[in-house]
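Chain by chain, the residues run as shown.
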Amino acid sequence: MDAINLPTAVEPTTWFVVFNPTSSSKLLSLLAFGHYKHVSAFGYYQGFKAWLVCDAEISGLRLPLVAHDAMRAIIGKYTAGCTIVKFVRRAEPIGIAPLSRIGFFCVTAVKHLLAVRCNSLTPDSLYRYILANGGQIIHDTGNADYPH
Amino acid sequence: MTPATPTIPTDPNLAQEQLNAQNELVGSLQTQTRGDMASLMARYGTQLAMSGTNIPPLVSSTTGGLGQPTAGRLG
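As you go down the protein sequences, you meet chains A and B in turn. According to our numbering, the first sequence is numbered sequentially starting from 1. According to our numbering, the second sequence is numbered sequentially starting from 1001.
Note that these hints are calculated values from the structure, not bench results. Among the clues, some could well be false.
Taking lysine to any residue and the SDA-like style, the derived pairs with C-alpha atoms no more than 25 Å apart in a straight line are [stated by the list, open to error]:
1) A:K86 to B:Q1016
2) A:K77 to B:Q1032
3) A:K86 to B:N1020
4) A:K26 to B:N1020
5) A:K49 to B:E1017
6) A:K77 to A:E92
Generate the whole structure from the sequences, applying the supplied hints.
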């Protein structure tokens, strides 16, 4: 068996934010007015050759760690119909920012993951904020009509 | 006073590994999407090819076509 030297600590700094125009919850679809209904993110863990998926679902926060090869196999299905935006986590602390900390659902979870300080409460609003602050669309299937 | 957050050092080899992994993942995604597009093209043909253009739809969206306003929404 090959020896693997793992780093002592790693943390993704670059995240891939997945904006989904559908939601598993009809109620959340109604509340998240706009084009996108759900947002999640995934980032790469160096040395471990794995991706952490952060998904605040209505059933609870899910944090699956997916091996790189497995992620490559499922990425198409996982992001079907979605827009993926690459974003580098902010180095500056969020601070108190009460409006940035309201509630805990998919949008606020991703906002904290990216350490962005904004008042976005819907995926659409977060999408616009991220694009206006250095986010880069790396993949988009089926959302060409939505303004970028 | 807020304690300083420990800084995680960056290993250049691992940074390169991350870059490679990201490129591989995007490559896989594009490959899989091309497969999806190929099957959609086979199914919808020119309607899909013209979606997103200014060419009027041949089939109304209410009848299941891919014209406006659903053009470009394949999901």
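Item to check | Hinted pair K77 (chain A) and E92 (chain A), Cα distance within 25 Å | outcome: violated (34 Å)
Next on the checklist: Please verify whether K49 (chain A) and E1017 (chain B) have alpha carbons no more than 25 Å apart.
Outcome noted: Satisfied, since the Cα-Cα distance of roughly 8 Å is no more than 25 Å.
Next on the checklist: Just to be careful, I want the Cα atoms of K77 (chain A) and Q1032 (chain B) compared with a cutoff of 25 Å; is the pair within it?
Outcome noted: holds (9 Å)
Next on the checklist: What's the verdict on K86 (chain A) and N1020 (chain B), does the C-alpha distance respect the 25 Å limit or exceed it?
Outcome noted: holds (15 Å)
Next on the checklist: Between the alpha carbons of K26 (chain A) and N1020 (chain B), is the straight-line distance 25 Å or under?
Outcome noted: violated (38 Å)
Next on the checklist: Checking one constraint from the list: CA of K86 (chain A) to CA of Q1016 (chain B), max 25 Å. Satisfied?
Outcome noted: With Cα atoms ~17 Å apart, K86 (chain A) and Q1016 (chain B) stay inside 25 Å; holds.
In the structure shown, a violation is registered for the earlier hints numbered 4 and 6, in ascending order.
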